[in-house]
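Number of protein chains: 4
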Amino acid sequence: MSFFTEMMQQISDRGRALMSARRGEARTAKALQALAEALLSNRGEASSVARAAELLICYAAAPREEREGFLRCLAVDFGPDQARIDAAITAYQANPGATTAMALHRAAEPRRQDLLRRLNRAPGGTLALLRMREDVLPLRRAEAALADLDADFEHLFASWFNRGFLTLRRIDWASPAHVLEKIIQYEAVHRIESFEDLKLRLAPSDRLLYAFFHPALADEPLIFVEVALTDAIPQSIDRILDGRRTELAPADADTAVFYSISNCQKGLAGVSFGNFLIKQVVEELRRDLPQLRRFLTLSPVPGFAAWLEAQARDEESGALEPTEREVLAPILAEGADRAALLARDGTDADKLHETLRRLCATYLVRATTMRGERGVPRPLDPVARFHLGNGARLEHVHARADLSARGAAQAAGMMVNYLYDLDSIERHHEAYAERGEIAMSNEVRRLAKPQKALRDLAVPG
Amino acid sequence: MSFFTEMMQQISDRGRALMSARRGEARTAKALQALAEALLSNRGEASSVARAAELLICYAAAPREEREGFLRCLAVDFGPDQARIDAAITAYQANPGATTAMALHRAAEPRRQDLLRRLNRAPGGTLALLRMREDVLPLRRAEAALADLDADFEHLFASWFNRGFLTLRRIDWASPAHVLEKIIQYEAVHRIESFEDLKLRLAPSDRLLYAFFHPALADEPLIFVEVALTDAIPQSIDRILDGRRTELAPADADTAVFYSISNCQKGLAGVSFGNFLIKQVVEELRRDLPQLRRFLTLSPVPGFAAWLEAQARDEESGALEPTEREVLAPILAEGADRAALLARDGTDADKLHETLRRLCATYLVRATTMRGERGVPRPLDPVARFHLGNGARLEHVHARADLSARGAAQAAGMMVNYLYDLDSIERHHEAYAERGEIAMSNEVRRLAKPQKALRDLAVPG
Amino acid sequence: MSFFTEMMQQISDRGRALMSARRGEARTAKALQALAEALLSNRGEASSVARAAELLICYAAAPREEREGFLRCLAVDFGPDQARIDAAITAYQANPGATTAMALHRAAEPRRQDLLRRLNRAPGGTLALLRMREDVLPLRRAEAALADLDADFEHLFASWFNRGFLTLRRIDWASPAHVLEKIIQYEAVHRIESFEDLKLRLAPSDRLLYAFFHPALADEPLIFVEVALTDAIPQSIDRILDGRRTELAPADADTAVFYSISNCQKGLAGVSFGNFLIKQVVEELRRDLPQLRRFLTLSPVPGFAAWLEAQARDEESGALEPTEREVLAPILAEGADRAALLARDGTDADKLHETLRRLCATYLVRATTMRGERGVPRPLDPVARFHLGNGARLEHVHARADLSARGAAQAAGMMVNYLYDLDSIERHHEAYAERGEIAMSNEVRRLAKPQKALRDLAVPG
Amino acid sequence: MSFFTEMMQQISDRGRALMSARRGEARTAKALQALAEALLSNRGEASSVARAAELLICYAAAPREEREGFLRCLAVDFGPDQARIDAAITAYQANPGATTAMALHRAAEPRRQDLLRRLNRAPGGTLALLRMREDVLPLRRAEAALADLDADFEHLFASWFNRGFLTLRRIDWASPAHVLEKIIQYEAVHRIESFEDLKLRLAPSDRLLYAFFHPALADEPLIFVEVALTDAIPQSIDRILDGRRTELAPADADTAVFYSISNCQKGLAGVSFGNFLIKQVVEELRRDLPQLRRFLTLSPVPGFAAWLEAQARDEESGALEPTEREVLAPILAEGADRAALLARDGTDADKLHETLRRLCATYLVRATTMRGERGVPRPLDPVARFHLGNGARLEHVHARADLSARGAAQAAGMMVNYLYDLDSIERHHEAYAERGEIAMSNEVRRLAKPQKALRDLAVPG
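Protein chains in written order, with UniProt numbering: chain A, 1 to 461; chain B, 1 to 461; chain C, 1 to 461; chain D, 1 to 461.
Just so you know, these hints were derived from the structure itself, not from any lab. Careful, some of the hints might be misleading.
To be verified - Pairs of lysine-lysine, DSS-like flavour, derived with a Cα cap of 25 Å:
id, chain 1, residue 1, chain 2, residue 2
1, C, LYS199, C, LYS182
2, C, LYS266, C, LYS182
3, B, LYS351, B, LYS199
4, B, LYS199, C, LYS182
5, D, LYS449, A, LYS182
6, B, LYS199, C, LYS199
7, B, LYS182, C, LYS182
The structure displayed is predicted, hence computed values, not measured ones.
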């Protein structure tokens with residue numbers, strides 16, 4: 001637990017002495033609660049830094065049950081003060097106005113919000129709070145009080161991890177090894193096996209990696225994107241990751257491909273940076289390489305195979321025609337070596353991939369859910385929701401594009417390009433946000449089956 | 001307005017084009033309000049960055065009346081939504097609990113808080129918001145709505161300028177000139193005339209300067225403290241600032257003197273860092289120079305002369321005995337050249353300075369006000385309130401310590417040392433915070449007149 | 001003497017103890033000589049670092065006479081070993097070849113060269129040796145032995161300050177104050193009065209400053225050039241230095257003006273960097289601002305007035321016609337306020353300045369000296385020799401261009417532009433180097449008087 | 001060939017155009033020679049930078065035979081000018097003195113020295129010259145002319161890589177990956193398998209790595225040393241390299257162990273930094289961790305097994321007694337699995353290891369060679385020569401200390417500690433340098449057999 005060590009180092013000798021004295025008994029939920037109460041009651045700001053550090057250190061050292069006990073205590077006992085709320089309501093109703101509304105706002109704030117702000121003052125406090133939230137996340141579904149606590153974390157993190165505080169850094173082969181180690185660990189799309197493997201994505205002049213950092217988290221990336229410079233639209237991930245390809249001089253590239261985006265901090269769930277990251281990287285690249293003409297992704301379609309399997313099982317589904325069912329049968333058969341089947345060549349294979357392209361386009365632009373805000377339909381596919389929500393356009397659909405075990409299992413080998421065209425991003429974004437309109441190329445429009453045949457593709461939210 | 005230029009540079013060409021198109025008409029309060037409404041209604045996060053930047057740039061370029069008009073509009077039209085509050089109260093009262101309380105909390109939040117958070121996403125947004133608050137400050141006394149707006153700024157800044165996000169940097173003669181330029185500009189206690197003058201406080205090995213910075217503000221210091229390393233307790237500011245003194249090797253020093261603390265950002269009024277700064281600098285110095293035995297200030301007594309004059313005018317005052325009135329008469333006489341009189345030597349002068357020391361000690365530890373929180377008395381002197389509130393102890397009182405025009409006018413030449421003793425800081429802080437007890441040395445205790453003779457020194461708050 | 005302090009800090013405690021023990025007696029030429037002999041006889045490399053540092057520290061602390069005594073001792077007693085030379089000659093003549101030639105080369109090397117190389121191993125040694133050479137320079141004219149010593153310094157410095165070891169840095173208002181302080185101190189062409197004055201040359205986006213640094217000298221610039229970005233050919237220095245001018249956006253500039261070049265280290269006399277500096281800065285600017293079309297200087301003509309006065313005194317001189325003598329009489333008259341006269345407007349003034357332009361062009365391209373290498377004539381004017389030797393072309397001649405006291409006294413207000421055109425630099429350089437041909441624009445060619453009337457303008461070297 | 005790319009990037013567009021025009025024909029020894037002549041004849045310094053770069057790039061791109069042809073041409077055709085030497089000898093003999101000696105010195109310098117200095121001006125030139133010397137090294141034994149050329153390289157490198165120009169950097173897990181990659185590649189003593197393996201030597205707080213860098217070589221280390229902090233004298237390398245050991249808090253260490261020193265640049269053969277490196281690291285550690293009491297190595301004994309085998313073969317050898325021969329027989333037997341035998345426990349094993357310790361001590365302190373300078377004997381073992389030459393003391397001799405295949409093969413599992421005691425380093429160094437005295441502990445003195453029995457251990461040089 002490296003932040004633990006670091007926090008300890010930054011605390012004064014006296015602070016450390018004080019802590020170690022109490023350490024033994026302090027690793028229980030009860031003791032943590034007492035520390036929290038002391039911290040909240042403390043009026044002097046400076047001694048509270050040592051106290052905040054003490055609580056975070058004891059928390060980190062406590063066993064799981066005690067940590068969870070403390071989180072429940074935060075959720076239940078550090079909520080809002082009901083008597084104070086009642087009084088504030090009375091005052092507001094007697095004299096409704098800005099001042100009484102503000103008093104009501106403050107009275108209704110859970111006490112733990114102030115506690116979390118005070119904990120954040122400790123050296124290394126921000127990272128410790130991210131880790132604390134990682135303990136909350138698995139519990140929030142089952143326990144309503146912890147869902148409330150989780151919302152408080154999210155609210156504070158959204159403020160602290162404000163886009164204005166983030167810095168974009170290019171990561172390359174001259175970056176510190178301990179940062180690169182984290183990139184290897186956090187890569188979530190196309191696994192990186194080793195430093196040597198990572199080097200292939202960083203060191204060639206046609207491969208770039210950009211990450212957002214927050215000053216309070218020093219060398220912990222928040223999110224990163226991997227970029228390939230190419231002179232053609234990429235149709236498969238293998239060619240992007242191929243270490244033996246000929247390097248392209250950046251000046252000869254006309255296309256920037258975002259082929260992997262990974263969030264790094266589970267504790268930041270619900271606080272989104274991907275949108276900002278892609279757009280800022282587009283700006284950087286446009287400035288440094290003004291000849292680039294296209295910015296697009298090479299993205300997975302993680303929900304496609306599951307949707308396809310569901311349509312195949314459902315004999316009523318209007319999504320599949322009989323001939324399509326037949327073509328697909330081999331790869332949907334139980335126990336089929338799907339990756340091997342998808343890798344085959346020949347006329348049958350071409351027919352299969354053409355079918356897959358048609359159905360994948362259909363899935364992406366017709367299979368929607370109502371669980372979006374304000375009754376506007378949204379695509380089922382999470383990656384599609386992300387890029388379309390950013391204002392990108394669904395541009396190309398590629399078969400045989402990811403024949404890894406995972407690519408075959410989740411997407412039947414399909415990958416797609418979303419195009420980031422700065423001149424239409426805003427328009428697309430608004431049409432999508434307001435009316436659920438999906439921006440797509442003519443190619444995709446032709447591939448996707450018409451809406452009317454597919455009335456039932458919208459899934460209840 | 002350098003942040004203006006910087007912000008412009010960080011915005012994309014497209015963003016800039018969009019802005020300049022609207023620039024002409026956009027510098028009115030009405031246009032700013034429209035931009036603010038658009039920003040709040042915007043659901044897509046990324047396009048909101050350009051919109052936030054546009055609003056901040058137009059605001060910075062608008063004439064004063066329009067800026068003030070916009071601030072009033074923020075204060076009045078972007079307050080909480082009363083209908084939403086009423087509904088939230090009804091829901092809460094029907095079912096009091098954490099969830100309805102949280103809904104109430106959110107409903108009662110002024111809409112402008114979210115607006116300010118969105119503005120903060122623009123590059124350079126934090127500094128722009130600090131400057132915006134500088135426009136609010138002169139108006140908040142007279143206009144209640146602007147006081148509410150000001151409170152929102154303070155609340156957000158307290159969260160964003162959380163101590164955990166600040167970094168301590170030592171500033172020296174190898175620091176960037178544009179940072180040093182700001183130190184010259186912001187020094188509030190002992191004026192710095194030029195770079196050559198500043199060099200005397202930075203370059204010698206027995207003079208140090210530390211500042212807090214916030215990552216979103218890059219090279220704008222928030223607060224700084226100047227430190228002299230000495231081998232004796234400093235008794236006058238002249239000897240500290242004397243450029244011709246012999247430099248002391250840091251290894252030979254046993255005392256660190258904090259002789260000037262300056263806040264840099266008016267826009268951060270109410271968000272206090274001084275306490276943290278002094279304590280962290282003490283930690284740094286203890287680590288680097290373990291032989292240091294004393295950490296103390298050489299501080300002004302800004303309210304002393306005014307208080308003394310008031311006592312002298314008040315014939316009933318128990319603070320001054322007749323012989324004291326006589327001794328003080330020359331320096332309190334209208335039109336007296338007080339600095340020259342204080343600089344004199346001789347028996348009379350010694351009597352004068354002894355009297356001043358007695359009365360200064362009395363002023364600091366007996367002259368209190370009730371305006372503190374919870375009915376606990378606090379010293380009248382603002383510098384005393386700051387250091388005693390930090391847990392320091394009033395240690396020595398020096399006459400003839402600051403014979404500058406300002407020192408003579410405000411404090412009759414008096415300066416004092418507050419001692420930061422890490423082992424008793426917490427105890428002193430608590431006694432002061434809870435019960436208003438003032439920590440003082442035996443010397444000060446002996447100098448100050450007894451409480452009973454002085455019942456009337458506590459000033460109503 | 002800051003390098004002294006720095007060197008002391010880098011030496012170990014033990015090293016320091018050892019030194020201070022000997023310090024008292026060690027500040028004589030005799031003691032320095034003994035240290036030098038010990039250093040040369042020392043076979044172990046590491047202990048020699050402490051010994052080298054000791055010698056340099058003692059040297060720096062010694063009084064001038066002792067330092068000069070030591071330099072003479074270096075010049076005389078640390079020359080080559082004659083017996084060794086004789087033996088090497090005998091061996092070479094017996095068997096002439098590469099190996100015996102190399103032995104002869106080594107035998108003929110003065111012992112002090114190895115001594116200087118060993119001194120350079122001390123921390124801060126390079127700077128200390130530069131300062132040592134500054135002591136040699138004033139003596140080298142009068143004492144032949146010191147001229148030999150000086151040549152050894154120059155030879156070693158030319159190797160250590162090899163262009164491949166230099167780094168170009170842009171200096172701006174964010175540069176460290178102690179570097180800026182040195183820029184102020186070293187500026188040799190257009191004096192800088194203060195940091196505020198310097199800011200005018202660094203902070204505006206149309207003013208740039210570049211310097212060469214050597215890694216062993218850390219923050220000591222070797223040479224720097226000041227650049228103005230303009231949208232026209234600059235005709236006077238006042239408009240360049242004018243702090244109230246409107247800043248030009250760099251993207252709108254088409255011309256880069258090198259208006260001041262200063263060497264910083266006297267100790268590097270004879271080791272030239274100006275040529276490299278200008279060309280590398282041209283490359284930098286071309287890369288960052290590809291729209292720039294012209295790179296030229298605005299240069300002084302330091303020898304013009306003296307030459308003009310000499311021509312005027314010489315009634316035989318063919319350079320001045322009678323009407324020209326008449327026009328020039330007022331400004332050449334003894335006690336004339338030349339700057340005031342040059343600043344006047346009107347027909348007479350125009351006639352004066354037209355005459356000055358003609359004569360200045362004549363001076364620059366016709367007044368030559370034979371002291372160049374291999375009998376090729378070179379311009380009398382040192383600034384002309386520098387830029388023409390770099391391959392630049394004399395482009396424009398401006399009157400009323402520098403009306404400062406110095407500009408009036410040395411150049412009768414004249415300044416000129418030398419053009420750096422990368423496509424013809426090499427050609428110009430070779431024609432100048434081989435045949436003494438001066439590259440000039442048609443304008444200058446027309447202004448300058450024809451060679452034949454001026455047979456006597458070439459000055460014997 | 002990364003410096004190739006880098007050099008290309010730093011050269012101007014024009015320079016590149018010029019080069020590529022000539023590239024085709026320029027990769028022959030003949031063309032390289034022509035470029036070298038042109039470079040030497042060039043009087044203008046700036047155009048020579050492009051020319052130098054061109055030569056280095058063409059050289060790097062040329063095939064091996066042409067490169068070797070060029071090197072021979074440098075060795076033969078760019079030697080000294082014999083006519084010039086003869087004239088200088090005549091002048092010197094006519095008038096022997098400093099000036100004529102200097103002229104002789106210059107005349108006898110091979111022309112290639114100036115050529116190499118000019119090549120060093122190109123961006124990346126220093127690294128290119130190091131690589132060029134790597135081509136010379138394998139040829140210098142067989143060809144006398146190339147030995148002369150090699151000596152010129154060594155002479156220039158000794159001047160350019162002067163200790164005063166080197167910087168010490170600590171390398172840790174936050175260092176750039178491309179530097180760490182080079183550490184892995186250059187480690188010469190205890191092989192590093194991967195980044196994960198390297199992390200064990202960098203990341204724990206009780207493991208440190210320091211390297212010397214030269215500013216012209218940016219991120220190319222010259223030499224590095226790996227250090228372990230321990231609380232006992234280390235007796236085997238396994239315990240040092242064990243990744244599962246408990247980390248020691250640096251504050252609890254009393255011993256710093258130098259357990260691996262590796263030179264990185266073959267091209268710097270003969271230019272030694274190890275001595276400086278160890279001593280500067282000792283200084284660093286003493287400053288940062290003042291409680292350290294011991295600085296010693298854990299060093300291999302690479303020549304021990306070969307010597308032992310030679311003694312065993314030589315039946316006359318006085319070094320081995322009959323019982324020793326018997327004890328050693330199993331491990332010296334042909335085809336024996338020496339590592340396995342050395343790893344055994346038990347009484348016989350103890351007897352074996354005791355014998356090995358005795359003989360190893362004897363080998364180190366008695367087996368000497370006369371090939372040292374000035375007839376002073378030196379140890380046969382190269383590692384012993386290095387550390388004893390630095391002034392270290394042979395302190396302990398450990399059996400079973402390195403049971404790797406290499407450790408068993410080269411040293412029969414032995415390792416030793418050399419102690420760096422700053423107070424006696426200089427004394428030891430001088431005794432060793434002057435008289436060949438070997439500093440050793442009483443333990444070693446007792447272990448080593450007496451000199452008299454061993455008259456024949458000194459090997460003719």
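Hints the structure violates: just list their numbers, smallest first.
3 and 5
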